[in-house]
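One line per chain: the protein sequences are W and F, in this order. Heads up, the first sequence is in our numbering, so the first residue is 23 and it goes up one at a time. Heads up, the second sequence is in our numbering, so the first residue is 34 and it goes up one at a time.
Think of the hints as simulated: they come from the structure by calculation, not from any bench. Any given hint could be a false lead.
[Unchecked claim] Keeping only pairs whose Cα atoms sit at most 25 Å apart, straight-line, the calculated SDA-like set for lysine to any residue is:
1) F:Lys74 x W:Arg130
2) F:Lys88 x F:Lys47
3) W:Lys64 x F:Arg57
[Unchecked claim] Computed list of chain F residues with no C-beta within reach of chain W, every gap over 12 Å:
4) Ser38
5) Lys47
6) Ser48
7) Gly49
8) Thr50
9) Lys97
10) Ala105
11) Leu107
12) Thr108
13) Leu109
14) His118
15) Gln137
16) Val147
17) Leu148
Virtual Cβ for every residue (Gly too), placed ideally from N, Cα, C.
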Amino acid sequence: KQEVTQIPAALSVPEGENLVLNCSFTDSAIYNLQWFRQDPGKGLTSLLLIQSSQREQTSGRLNASLDKSSGRSTLYIAASQPGDSATYLCAVTLLNYGQNFVFGPGTRLSVLP
Amino acid sequence: GAVVSQHPSRVICKSGTSVKIECRSLDFQATTMFWYRQFPKQSLMLMATSNEGSKATYEQGVEKDKFLINHASLTLSTLTVTSAHPEDSSFYICSARLGGSKTQYFGPGTRLLVL
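Excised from the complex, chain W in its bound form (with noise of 0.2 Å):
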């Protein structure tokens, strides 16, 4: 059964700092990793998507590794800003579930001023 972690389970940073967000999954067999990200009271926002095949995407101040074998994902932010506060999510596809979502627990990131 695929499981998915995510750590640090929340971080708090002041405004400016790069930080990394980790990602852990047990099963490599996966179509594709997403990230999102999701605010209180609100959906999730898709920010980036990795193929199976690729290994990192970048969006912006954003950029997403994945290492398929090891089971790894991690989601860079640059210089970040207040308005990144939020949950972030990772959600793994799976080849033979689908196409459905398994998510991890998530990341709760607070940016200070």
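Could you slot chain F onto chain W? The hints should help.
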């Protein structure tokens, strides 16, 4: 981008009552909709997958007689929590997918509190 709405955004009910949550795709036809549940500080867990016009497929451990899902049209799916109990208090999120697409669009979620 595609928009998915949920109604209500927040609901409080007494134990033993039933609660209906609606999930609508506003600008596209969703052949498949998904219902997730998220307990505090835990992952989103898939509850069930529903395809328009057919019965929902429930994940292991989810009681289909308690969580009734109806996907009667291409833009609307409903989740009814029957005889709700305090342990059903959770954040329920739906997502919708256009047929043939791999992209799921998520709703804003509904917070249910059962007293």
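Do the hints match the structure? See the list:
no.: 1; hint: F:Lys74 x W:Arg130; verdict: 9 Å, holds
no.: 2; hint: F:Lys88 x F:Lys47; verdict: 28 Å, violated
no.: 3; hint: W:Lys64 x F:Arg57; verdict: 15 Å, holds
no.: 4; hint: Ser38; verdict: 9 Å, violated
no.: 5; hint: Lys47; verdict: 23 Å, holds
no.: 6; hint: Ser48; verdict: 24 Å, holds
no.: 7; hint: Gly49; verdict: 27 Å, holds
no.: 8; hint: Thr50; verdict: 23 Å, holds
no.: 9; hint: Lys97; verdict: 17 Å, holds
no.: 10; hint: Ala105; verdict: 21 Å, holds
no.: 11; hint: Leu107; verdict: 19 Å, holds
no.: 12; hint: Thr108; verdict: 17 Å, holds
no.: 13; hint: Leu109; verdict: 17 Å, holds
no.: 14; hint: His118; verdict: 24 Å, holds
no.: 15; hint: Gln137; verdict: 7 Å, violated
no.: 16; hint: Val147; verdict: 19 Å, holds
no.: 17; hint: Leu148; verdict: 20 Å, holds
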